[in-house]
Every structure is written in structure tokens, then in C-alpha cells.
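Undergrad: Sequence:
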Amino acid sequence: MESDKRGLLRHEQVKLLYDAIPLSILATLINGVVLVAVGWDMVDRMASISWLATLMVISFARLALTFFYRRTCPGLEQTGQWETYFTIGSIAAGLVWGAAALFQFPEHSMAHQVFVAFIVGGMCAGAITSLSPLSLQLFSFLILALAPLIVRFFMVGSELAHMMGEMLLLFLIMISISGLRIHRNIKQNISFRMQSEEQEKLILANQLEQQAILDNAPVGIWLVGTDGRYHFVNRTFCDAIGVAEQEFLDGTDPGDLLGGGEAAREWLNADRACLEQDGACHSLETLTFADKSEHLLEVTRVNIRDNTGKITGVVGISADITERHQAEERLRILSQAIEQASESIIITDKAGLIEYVNPSFTRITGYTPEGVLGEKPAIIKGAGQSPEDYERTWKTVTAESAWNSTIIACRKNGALYPALMCIAPIRDENGQISHFVAIQQDMTTNKALEEKFLQAQKMEGIGILVAGIAHEFNNILAGMTGNLYLAKTEVADVPSVVKHLENVENLSFRAADMIKQLLTFARKGMLVLQPFDFTLCMHAASQVAREGMPDHISFHTEFCEEKLIVKGDCAQFQQLLINLINNACDAVEGVAEPMVCLRVEAFEADDEFMRNCPEVGDSQFVHMSVSDNGCGISDEEKAHIFEPFYSTKGVGHGTGLGLSTVYGMVQSHHGVIEVESKPGNGSVFHVYLPLLAEENVDALGDEDSAVVPGKGEVILVVDDNAAVRRACSSVLKRTGYQVLEAADGFEAIELFTANQDRISLIIMDVVMPGLSGVDAVERIKALSPDVKVIFTTGYDKQEMLNSKLTSDEYPVIFKPFSIVKLSQMIRQQLDV
7 MESDKRGLLR HEQVKLLYDA IPLSILATLI NGVVLVAVGW DMVDRMASIS
57 WLATLMVISF ARLALTFFYR RTCPGLEQTG QWETYFTIGS IAAGLVWGAA
107 ALFQFPEHSM AHQVFVAFIV GGMCAGAITS LSPLSLQLFS FLILALAPLI
157 VRFFMVGSEL AHMMGEMLLL FLIMISISGL RIHRNIKQNI SFRMQSEEQE
207 KLILANQLEQ QAILDNAPVG IWLVGTDGRY HFVNRTFCDA IGVAEQEFLD
257 GTDPGDLLGG GEAAREWLNA DRACLEQDGA CHSLETLTFA DKSEHLLEVT
307 RVNIRDNTGK ITGVVGISAD ITERHQAEER LRILSQAIEQ ASESIIITDK
357 AGLIEYVNPS FTRITGYTPE GVLGEKPAII KGAGQSPEDY ERTWKTVTAE
407 SAWNSTIIAC RKNGALYPAL MCIAPIRDEN GQISHFVAIQ QDMTTNKALE
457 EKFLQAQKME GIGILVAGIA HEFNNILAGM TGNLYLAKTE VADVPSVVKH
507 LENVENLSFR AADMIKQLLT FARKGMLVLQ PFDFTLCMHA ASQVAREGMP
557 DHISFHTEFC EEKLIVKGDC AQFQQLLINL INNACDAVEG VAEPMVCLRV
607 EAFEADDEFM RNCPEVGDSQ FVHMSVSDNG CGISDEEKAH IFEPFYSTKG
657 VGHGTGLGLS TVYGMVQSHH GVIEVESKPG NGSVFHVYLP LLAEENVDAL
707 GDEDSAVVPG KGEVILVVDD NAAVRRACSS VLKRTGYQVL EAADGFEAIE
757 LFTANQDRIS LIIMDVVMPG LSGVDAVERI KALSPDVKVI FTTGYDKQEM
807 LNSKLTSDEY PVIFKPFSIV KLSQMIRQQL DV
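Residue numbering for the sequence shown follows our numbering, starting at 7 and increasing by one per position.
Quick caveat, the hints were computed from the structure, so don't treat them as lab data. Quick caveat: nothing in here was measured; it's all calculated off a predicted structure. Just so you know, not all the hints are guaranteed correct.
Stated by the list, open to error - With a straight-line Cα cutoff of 20 Å, these simulated DMTMM-like cross-link-like pairs (lysine to aspartate or glutamate) come out: (1) 298 <-> 256; (2) 11 <-> 83; (3) 787 <-> 753; (4) 644 <-> 456; (5) 418 <-> 456; (6) 794 <-> 781; (7) 794 <-> 750; (8) 684 <-> 592; (9) 684 <-> 719; (10) 453 <-> 680; (11) 401 <-> 355; (12) 382 <-> 361; (13) 11 <-> 113; (14) 401 <-> 381; (15) 193 <-> 18; (16) 356 <-> 435; (17) 827 <-> 719; (18) 298 <-> 245; (19) 453 <-> 643; (20) 739 <-> 719; (21) 316 <-> 282; (22) 453 <-> 613; (23) 569 <-> 624; (24) 794 <-> 756; (25) 382 <-> 397; (26) 21 <-> 204; (27) 787 <-> 747; (28) 569 <-> 610; (29) 316 <-> 355; (30) 193 <-> 203; (31) 573 <-> 539; (32) 794 <-> 763; (33) 684 <-> 753; (34) 787 <-> 815; (35) 573 <-> 607; (36) 418 <-> 376; (37) 569 <-> 539.
To be verified - Ranges between beta-carbon positions, derived for each pair: (38) 715 <-> 608: 22 to 30 Å; (39) 460 <-> 384: 32 to 40 Å; (40) 460 <-> 555: 34 to 42 Å.
Glycine included, each C-beta is placed from N, C-alpha and C at the ideal position.
The task is simple: from the sequences and hints, build the whole structure.
TA: Structural data, given as C-alpha cells:
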């Protein structure tokens, strides 16, 4: 660094030397010509001409050297070379002027000798200013120019010449000292100038660097004066809002430059407000950028003061935190999701030490964060999991693979619960494992739902079996009941025979009721869904149930006062209640003080109920409970009590269909049934049914039990079962109707086409081979849109009916049907 400065100083000194050559040459030529002219007659003219010619050649050579120097503008590395050239020129010039003591020194004229001393001394005095930048060149010229003349004066021998020699010697010493002083001053001035230039360059560089820093800073920076005008804005701020810097500095309304609107006004108001406050002002503000998008900025403003403490403006810095805010928002949502997740979440470091657990971890396991942080997850081992199991799990996840499995976990209190566990590695930005996350889901509710689903599948399988035989079985019963009715009319005058026939008829209908219970259990029975007062319905059913109970059993009822309206089949729920009460009566057999209780009330579902029964969507329910103080039910038995034909009673006691029918009824009405029981502590059956808001329902009435006779109308009976068809036809004929018979849908269409003017009503079986009853009616309807039809079926095909016809338009009667009900339905259709 120091050598560079010396080199630069030397370069500047050489430059000054070459800059002074032109004037020096001019003075040299003038003085040389004057000297020759004055001494023309005093010295040898040829010597004078030769001396002058030599002087001119050297002068022009030095002038040419100056021309080339200025033209080439040599750098620091060439300074020494050009200095050498100059030194040679200076020595040559000094020698020529020193030669004047030989060629221009008159021997006999003291006046001319003094003139020569005057000219040469003048040239040396002038050389002080032109040659002082470098001492070597200065002293070389002075000594070479004056030394010969001083010697010549001493050689003359006269006292005056000696005095001149002494004076010239003293002059040489004086101008040498002056030249040395000037040399030092010039050198110092050059050094000062170089330092000044270096400082100016440094200041300029600093200014440029500061400007570059301000312009390239990732934040917006501005300076606002007390007059509200912007005195500085950096490039980042200008580029962001799409406005040139000069527009701010020209005094354009900054509100317009900032996009106008409420955001711009708030921005300028914040600038002005900071003028009146001490300290920094921090805020979050929005500003519209050049791309018309709104960005969130974190702004810091602070007022600035002059030397007197007066506020002169506000400097502001704004950082665009839009992406950071969005990332923080995503992180906040992610954090809240983890915190509020219903699953237990554990995060460990790479060594497996727990660093974080969410609140659900504490809720599920019972362990507090303070008790597990810094520990390994092995502290919460599951049941039946050996150290080898943990070792295999650890090897799996450390091999950068996720591990999933169902386990039996253990709570802090020792309770076991089923859980679904997933453990996966977390990788950093370099793809290296930094942490592990374990997510555990409490599967207790899912397990219960799975068991319910398996139970429902089991029920469905049995239901399919039951439904498959229900149609044919009901056809057989329908044929039997029809023939029994005919037999009763034939032997009406023999009461003992009629009584036996009625017993057989009752047994047939009891068999039909059993089929209905099986269909209800399978949820394939026909439901008559309509709003009814559940409280009134159950009150009536409880009275019937009380009459069938043994007298020694206490029966307590509790009904709420308000109407509880549900939509369903009242008859089915009466049967449901009777089944539950009969089951309770069997349970209290052998108890010292047997008691059965019935309770009906409104119920509003809480969160726990909704979690346990997610399949229900309502929150308002009717709650009916039937409790007893009997023998109770074990957990093993509770898993099977709703299965058909399952019974803990002895042989000959119960069919095993009571509770399975109850289960089917509740499921068919989108309700919930639950059981609370422990051996020896009795049982409570809870039934929950969706509650309706309406209160106006039709009153329940009894139907007429008399057969309604016909008036000779023609009825077309269509059924693929010959026994059913013949029995139905015989009954109708006995009742007073004319009958046509068809064995299938195609025959029915042919008979109707041929006799449509006579046929008043069609009794059509739903399920028949070839052409079903529904399709046959559709074709008949095309011939006679006003045809009257009653469908019969031994199996619920309501969905098939609804696909094309409405049950309101065509009624349905189920086999085996009551002759009384059939006659009433026929009469009702014919009289419409």
C-alpha cells in the first residue's frame, strides 16, 4: 500500500515536470538567441552558431518527448522510464548551458561576461520552478549549468572575476536551497492533493455504496419533510409501487403516487403523526403495489432532528411481510389443527425423546405433558407389546418408512383401549430425519360401531333368509285362512266345529304374526309411517301389558304430560313395548319383590350421546325406558340378546324373537336401543326415537269387525298360487261378488281386455312369474286409466310398487289377510 502511494507520488512529480517543459523550452530558446545576439561580435561566431544549434536540437527533442508523453498518457508502471527520459533531457540541457562558459564567454569584456552570468543564472532561477518536482533533475541542471561558469570566472584571475565566481557560487547554493524547499513544498502539495483526491474518491465510493445499499435493501425506505414532500425514496419502494423516484422528488401529490384510496390516506396520516411523537412508531399497514395486489407491510417510522434539536422530517422503513404473514397464518392453522385434533399426537427428536404432545394425548392416555416430555414413548407401552415389538417398530421408522398398526394401548390408570397407531419420520430441508411423529387414534367408539355393524350384518343375513321364505309361507297361510273362513260358513250351525275352526284360524294368524315379527326384525316388513302421540300410544299398550302380567309383579309407569309426537307405526311400538315388558317379567321370575318400571319422557342429546351414536342426526328424541330388578344380563349375553332365536330361557319358554323384533323395529324407525345391565342388578332397556315438532295427530280408532257384503260386482282375482286364488275367489263369491280368475299377469291382461266393461275391481298379486302384478297393472291402466286395483303380497314389495305406482292410489293388503278387512277394503274402493 505504501509503495503504491510512493509510485503514485512519483508519477505525479514526473507529470509536473513534463507539464513545465513547453514554457521552459520557450524561455531556453529566447535566452539562447539573446545570448548569441549580444555576444555576436565578442566570441567566435561559428562556435556561437554551433552552441545555439545544439541548444535548439536538445530543446526540440525535449519538446517532442513532452508531446509523446502527453499522447501516450503512461501509467504508474511506465513512470520510471519516462523519468529517465526527462533526466537525460535535463542533463543535456544543463550541459549545453554549462557550455556557454566556453563558447559564449568573451575574454576581454567584463560586461559581456557578467551578461552571460546573468542569462545562465536566470535560466537556473527559472529552472527552480520547472525542475523542483524532482531533486535529481534540478540539481543536475543547476550544477551542470553553473559550475563551468563559476570555474571560468575563477580562471580569469581578476579580482572582479573572482567576486563574480564567488557570487555565482553563493547563487548556486541559494537557489539549490530554494529549489530544495520548493521541491519539498511541491512534493507535500502533491501528497496533500493525492490524499484529498483519495478521500474524495473514498467519500464518493461510500456515497455510492450507501446509495446501492439503500436502493438494493429488501425494505422500502423514504424520507418525508415537515412539509409533507418526499425528499428521498429508495429503488425498492419505487419498484414496489411502480413509481419513478423523480416523481416523488418533483413534488407530485404523494397520495396519488401511492395509489389513492383509504390505504394511501392512512399511510400519509401515519407519516404526519410521527412528526409529533418521540421515539419510533411501529404499525402494520396495507398498500397497493404495482401489480394491483394488496400487500401487508410492517412499517417503522422515526422523526429526525437537526443540530438544534428541531424535527426536520420522518424516515420510514417498510418490510413486505405478506408471504411471512401467510406462512404464519398457515403455521397457526396447522398448529391449531394439531392442538385441536381428536387424535393423540406425539413428536420426538431423532433420538426418540418426546418433545411435544397435544391436548388429546392427555385426554386419551391420562399422562400430562410434564410427565412425558424428555422421556421415550416406551413410558406409555401398550398391553401385550414386548421390547422386541418396540425394537422392530424403531427399526422400521429409522429406516425412513412409516409404521402403521392397530394396538391395545394402556391408559395411565391401567385401562386398556384399542388404538390405531401411525409413526412416521420427519425430514428437514436436506432430506435428513430430524424428528418422528406418532399419531394415535382411540378406536373405542370405532370398535363399538364395528361390533354394531357386524351385528347388523348378522341380522341382515338372517333377515335375507327370513324374507326368502316369508312370501311362500304367507301364501300358504292365506290359502288356509280363506278355506277356514269357507269351512266356518259351511258348518255355522255346528258351534263345536266352528270353535275348532276358529282355533285353527287363530293359530294361522299367530303364525302370520310371527312372520311379521321376523320381517320387522329383518326390516323388510311394511311400515305404516304416520305421526302419532307416542305417550298416548304407550299408555294404551301399557294397560294391555298390565293385564297379561302376573299379579305379584309391581308395575310402575311414568309418562310426561306434554305430547311427544313421533313418525312411525303405532301398532309396532305397542308390540315393542309388550315384548320388552314380557322380557322384563321373565327376568324378575324368582325375585322376592319383582318390579317392572316404564318411563316415557323427552330427551335432548348431549355430546357424549352423539359421539356414541353418530348414525343419528337429530338432537331431540323421545326416550322410553323399561327397567326391572331381575337377574340381569352378563356382558357375554349382551352381545347376543338381539340375535333372532337367541334365548337364555328354558325349552318351551319364548321363541327367541322378542328382543330381535324390538331391535328391528327401532332400527326401522331410525332410532337407538341401548341396554344397561349387570348380573344380579336388573336391566334397563333404553329406546330413543326422533321427535317431531308437530302436535296435531289423528286419534287411534278401532276398525269395524263385520264382513261387508258385495252387490254382485265383477272382481278379477290374479294370483300365481292356485290355492290362494281359489280360496280368495270362493270367499268373494260367498260374500256376494262375481269372480274371474287369472294365473299370471298376461292372462290378467287378456281377461281384462275381454271384460273391461264388466270388471269393477282387480285383486292383483305383486310377485308373479313372467309379468309382475305392477307391470300388468301398468298395461291395464293404458287400456283403462280409471281401473281400480288392490294389491296383495306375502312380502313387502313397497319399494317396487313405489317405483311405478303410489300406494295412495292403489292400496296394498298383506297375506294372510283378514276376510273382514278385505271385504271392507273392496267396498271402500268400489264406493269411491
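Undergrad: Taken at face value, is the distance from the CA of residue 435 to the CA of residue 356 at most 20 Å?
TA: Roughly 15 Å separates the two Cα atoms, so the pair holds.
Undergrad: Quick one, are residue 573 and residue 607 close enough, alpha carbons at most 20 Å?
TA: Distance ~16 Å between residue 573 and residue 607 Cα, so the pair holds.
Undergrad: Straight-line Cα separation of residue 11 and residue 113 no greater than 20 Å?
TA: 52 Å, violated
Undergrad: Assess, step by step, whether the Cα of residue 418 is no farther than 20 Å from the Cα of residue 376, and give holds or violated.
TA: The hint holds at about 14 Å.
Undergrad: Does the structure keep residue 787 and residue 747 at a Cα separation of 20 Å or less?
TA: Given pair residue 787, residue 747 holds - Cα atoms ~18 Å apart, limit 20 Å.
Undergrad: Just to be sure I understand the hint, the distance between the Cβ atoms of residue 460 and residue 555 should be within 34 to 42 Å; is that true here?
TA: 35 Å, holds
Undergrad: Does the structure keep residue 453 and residue 680 at a Cα separation of 20 Å or less?
TA: 16 Å, holds
Undergrad: Against the 20 Å threshold, does the CA-CA distance of residue 298 and residue 256 hold or violate the hint?
TA: Not satisfied, since the Cα-Cα distance of roughly 24 Å exceeds 20 Å.
Undergrad: For the pair supplied as a hint, residue 787 and residue 753, confirm whether the alpha-carbon distance does not exceed 20 Å.
TA: Distance of about 15 Å is within 20 Å: holds.
Undergrad: Take a quick look at whether residue 11 and residue 83 sit within 20 Å of each other, Cα to Cα.
TA: 13 Å, holds
Undergrad: Is it true that the CA of residue 418 sits at most 20 Å from the CA of residue 456?
TA: With Cα atoms ~26 Å apart, residue 418 and residue 456 exceed 20 Å; violated.
Undergrad: Within a Cα-Cα threshold of 20 Å, do residue 684 and residue 719 meet the stated pairing?
TA: 63 Å, violated
Violated hints, listed in ascending order, are 1, 5, 9, 13, 29, 33, 38; each of the other numbered hints is respected by the structure.
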